[in-house]
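These protein sequences, in sequence, are chains A and B. Numbering-wise, the working numbering puts 236 at position 236 of the first sequence, and it's gapless, one number per residue. Numbering-wise, the working numbering puts 170 at position 170 of the second sequence, and it's gapless, one number per residue.
Honestly, the hints are just simulated from the structure, not real lab data. All C-beta atoms, glycine included, are put in the ideal place defined by N, C-alpha and C. Worth double-checking, as some hints may not be accurate.
Capping the alpha-carbon separation at 30 Å, the derived lysine-lysine pairs in DSSO-like fashion look like this [stated by the list, open to error]:
(1) A:K39 - B:K168
(2) A:K111 - A:K66
(3) A:K28 - B:K66
(4) A:K111 - A:K244
(5) A:K152 - A:K111
(6) A:K205 - A:K257
(7) A:K249 - A:K191
(8) B:K94 - A:K2
(9) B:K94 - A:K66
(10) A:K28 - A:K39
(11) A:K28 - A:K2
(12) A:K203 - A:K249
Computed, partial: chain A to chain B, Cβ under 10 Å [stated by the list, open to error]:
(13) V14
(14) V31
(15) P35
(16) M41
(17) M42
(18) I256
(19) C258
One-letter residues, chain by chain:
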Amino acid sequence: MKEIQISILVLSIVGFIFALLLAFLSRKLRVEEDPRVEKVMMSLPGLNCGACGFSGCRPFAEAVVKERSIFSGCLPGGEEVNKNITSLLGLAGHVGGERRVVFCRCGAENKDKKGRCYIGPNTCRISDIIGGNIVCRYGCLGYGDCLEVCPKEAISLKEGRVYVDIERCIGCGKCIEICPRNLFEFVSLNKDLKLYYIACNNKDKAVNVRELCSKGCIACGICVKVDNSPYYLTENLSHIDRVKVNNEKPLEQARIKCPTKCILIQE
Amino acid sequence: MNSLIIIFISTVLVNNFVLSYFLGICPFLGVSGRLESAFGMGMAVTFVMTIATAITWLIYNLVLVKFGLFFLEYVVFILVIASLVQIVEMFIRKFSPPLYQALGIYLPLITTNCAILGAALFMVTKGYNLLESVVFGFSGGLGFSLVLLIMAGIREEMYYADVPPVFKGASLTLIAAGLLTLVFMGFSGLVSS
Numbered sequence: 001m002k003e004i005q006i007s008i009l010v011l012s013i014v015g016f017i018f019a020l021l022l023a024f025l026s027r028k029l030r031v032e033e034d035p036r037v038e039k040v041m042m043s044l045p046g047l048n049c050g051a052c053g054f055s056g057c058r059p060f061a062e063a064v065v066k067e068r069s070i071f072s073g074c075l076p077g078g079e080e081v082n083k084n085i086t087s088l089l090g091l092a093g094h095v096g097g098e099r100r101v102v103f104c105r106c107g108a109e110n111k112d113k114k115g116r117c118y119i120g121p122n123t124c125r126i127s128d129i130i131g132g133n134i135v136c137r138y139g140c141l142g143y144g145d146c147l148e149v150c151p152k153e154a155i156s157l158k159e160g161r162v163y164v165d166i167e168r169c170i171g172c173g174k175c176i177e178i179c180p181r182n183l184f185e186f187v188s189l190n191k192d193l194k195l196y197y198i199a200c201n202n203k204d205k206a207v208n209v210r211e212l213c214s215k216g217c218i219a220c221g222i223c224v225k226v227d228n229s230p231y232y233l234t235e236n237l238s239h240i241d242r243v244k245v246n247n248e249k250p251l252e253q254a255r256i257k258c259p260t261k262c263i264l265i266q267e
Numbered sequence: 001m002n003s004l005i006i007i008f009i010s011t012v013l014v015n016n017f018v019l020s021y022f023l024g025i026c027p028f029l030g031v032s033g034r035l036e037s038a039f040g041m042g043m044a045v046t047f048v049m050t051i052a053t054a055i056t057w058l059i060y061n062l063v064l065v066k067f068g069l070f071f072l073e074y075v076v077f078i079l080v081i082a083s084l085v086q087i088v089e090m091f092i093r094k095f096s097p098p099l100y101q102a103l104g105i106y107l108p109l110i111t112t113n114c115a116i117l118g119a120a121l122f123m124v125t126k127g128y129n130l131l132e133s134v135v136f137g138f139s140g141g142l143g144f145s146l147v148l149l150i151m152a153g154i155r156e157e158m159y160y161a162d163v164p165p166v167f168k169g170a171s172l173t174l175i176a177a178g179l180l181t182l183v184f185m186g187f188s189g190l191v192s193s
């Protein structure tokens, strides 16, 4: 019994002495932190996605307080967060954020793509080493590696085709990194216009494309010939010059005329 | 004086905490990525270890032995080490923010660095006096730093080496650590005691 009393007493005294020492030193060695860091931190989404180029939300908050010009760095937060940050840092009025989303450049479903025999691990990255389960060297392998990395579950897979929900997409770019065929591409979202895109990435000649996919872009140039066309051709593929896009009319005309129906609208 | 030199050499080289007792492996693998942070970590551990052995010796011999509370040594030692780490953390944060950033999570992890608790416990079992204990703690920390710096140097070089993809990263690090242990085994027999 006595031992217990003594040990409790000794431990309490030792603990108390250290507690006092720590309390004293924490007062003495306090580090002053900019209170704005905490406020900016509160207004950030807290996803730690790293899209801003920093390792997480906290380092970004610290950096943005020091260097105000990077106020628009938080992509997932979008306009709202930018506004908060700018008002906190006294930059209000300079806001001009636009939302960045991704789209997938392969619009072919399983039935459109010519398949081939592949037996092995069911991931895009591994199957891509030997070319995967489809003949097309550019198209979507359809194992859904992008689904797994998406932090917002904005990507879905139906019939071997990838759909991006642009309402949910925060533009962090993780799918761009993971996709072994580099099918995802960033685009700045224009609120007034629907998002048109070319759903093909095959850079081969038309003959070869026709052989292996019914939805492939054959670079026929019909879309380019529309009035005021924002389309242009490079590497046997059609592209949209986003700078030239100011109304939907030529985009829609070309979409209807496209013989392989590979110009799509992102819903 | 002679015994102090023997303690110093045997703790730094022969009975190195990391490579022959296998204590403190977590920071050894975790912080050895860059030479700069490895140096900081080594210095922090050396500092904490030296002070910790001194204070634990005092508390052990003046308090615990006096009251016959040998069974409390683990609890008291952990208490002392945890408090010291807190103090070191405060100092580093105040006076060297870059080092604080570089050490990151590993600084609070010194609390649970078994090498430091190991030093305190070995000191008791080996029956050192105060001066010997301080030298033991200091050289233990120095040995830890030495191994950490060697490892960091190797890993910085390896970063640019063209190795097969299967070996990249953790596996190559562990193989290098194993080889380093073999090298340090060559010191055994240097001090006979």
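Hint validity - M42 (chain A) Cβ closer than 10 Å to any chain B Cβ: 22 Å, violated
Are K152 (chain A) and K111 (chain A) close enough, with their CA atoms no more than 30 Å apart? Roughly 28 Å separates the two Cα atoms, so the pair holds.
For the hint on P35 (chain A), just tell me whether its beta-carbon gets within less than 10 Å of chain B. Violated. Min distance 17 Å.
Restraint check for K28 (chain A) with K2 (chain A), where alpha carbons must lie at most 30 Å apart: Violated - the C-alpha atoms of K2 (chain A) and K28 (chain A) are around 39 Å apart, more than 30 Å.
Classify the hint on M41 (chain A) as holds or violated, based on whether any CB of chain B lies nearer than 10 Å to its CB. 17 Å, violated
Could you grab the alpha-carbon distance between K203 (chain A) and K249 (chain A) and see if it respects the 30 Å cut-off? 27 Å, holds
Can the hint on V31 (chain A) be confirmed by a CB-to-CB distance to chain B that is less than 10 Å? 6 Å, holds
Hint validation: C258 (chain A) versus chain B, beta carbon distance must be below 10 Å. Holds or violated? 42 Å, violated
Given the hint that K111 (chain A) pairs with K244 (chain A), does the C-alpha gap stay at or below 30 Å? Measuring from Cα to Cα gives roughly 34 Å; hence the hint is violated.
Take the C-alpha atoms of K111 (chain A) and K66 (chain A), compute the straight-line distance between them, and say whether it is at most 30 Å. 54 Å, violated
So, as I understand it, the hint says V14 (chain A) touches chain B; can you test that by seeing if any CB pair is closer than 10 Å? 6 Å, holds
30 Å limit on alpha-carbon distance, applied to hinted pair K28 (chain A) and K66 (chain B): It is violated: about 34 Å lies between the C-alpha atoms, which goes past 30 Å.
In summary, the structure is inconsistent with hints 1, 2, 3, 4, 8, 11, 15, 16, 17, 18 and 19 from the numbered list given earlier, while agreeing with the others.
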